[in-house]
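*Asks:* Chains V and A are the protein sequences, given in the same order.
The first sequence begins at 1 in the UniProt record's numbering and counts up one residue at a time.
The second sequence begins at 1 in the UniProt record's numbering and counts up one residue at a time.
Source of the hints: derived by calculation from the structure; they are not laboratory data.
The reader is advised that the hints may include incorrect statements.
Pairs count within a copy or across copies, as identical chains cannot be separated in the list.
What the hints assert, rightly or not - Simulated pairs of lysine to aspartate or glutamate, DMTMM-like, Cα-Cα distance not exceeding 20 Å:
hint: 1; residue 1: 104; residue 2: 71
hint: 2; residue 1: 104; residue 2: 28
hint: 3; residue 1: 104; residue 2: 12
hint: 4; residue 1: 78; residue 2: 44
Protein chains: 2
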Amino acid sequence: MTLPPGFAALPDPPYYAVIFSSLRNGEDEPGYAEAADRMLALAEQQPGYLGAETVRGSDGFGITVSYWASEAAISAWKHQADHAATRAHGRNHWYAHFELRVAKVERAYGKPTRG
Amino acid sequence: MTLPPGFAALPDPPYYAVIFSSLRNGEDEPGYAEAADRMLALAEQQPGYLGAETVRGSDGFGITVSYWASEAAISAWKHQADHAATRAHGRNHWYAHFELRVAKVERAYGKPTRG
């Protein structure tokens with residue numbers, strides 16, 4: 001089926017999720033938005049990238065979950081040079097705080113076709 | 001340390017994440033908001049509940065990640081009667097679409113204290 005905008009079309013589990021929660025500091029919105037778009041486009045080219053879902057509220061708190069075929073794919077993305085440099089910049093310039101959690105998705109359900 | 005608002009203070013992994021992505025249909029906002037608050041308060045009383053992070057954008061797409069100590073804790077919450085009834089109502093009345101993924105968190109990093 002075709003999913004509504006915003007949802008990642010994923011294969012059946014198992015696969016991996018990188019859950020990135022962040023609070024923007026409100027600074028450099030143009031630079032941040034450009035980098036976010038660029039990183040998403042870059043991730044889509046990575047081997048093992050499955051999809052991502054992202055949302056940020058008006059208070060600056062956001063959650064992005066990216067999905068990957070394997071731990072090796074996550075590791076390769078972590079060490080991709082442009083991503084690593086952008087991440088280092090973001091750590092110091094864009095986020096008041098963030099938390100990152102790596103998880104193995106074991107099962108999944110949707111409305112209505114898989115639920 | 002004290003985390004900024006929005007972030008869940010969690011123990012070290014392993015623990016479990018329930019990743020709920022949803023698109024609101026725009027209907028019954030008062031009923032939805034009341035139920036969301038009530039379900040969060042109810043979850044906080046469940047054994048094994050560790051915390052949750054939630055955000056919804058102005059386009060109606062949202063991600064809520066709740067964290068649990070064990071698969072058994074997730075199962076107990078799934079079968080909690082008030083939660084089950086509210087979930088069934090929501091499936092038919094509040095969401096244009098949703099996806100739910102259950103994952104085991106294997107590692108976690110934060111800024112700056114754990115990163």
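*Asks:* Find the hints from earlier in the document that the structure breaks and name them by number, from lowest to highest.
*Replies:* 2
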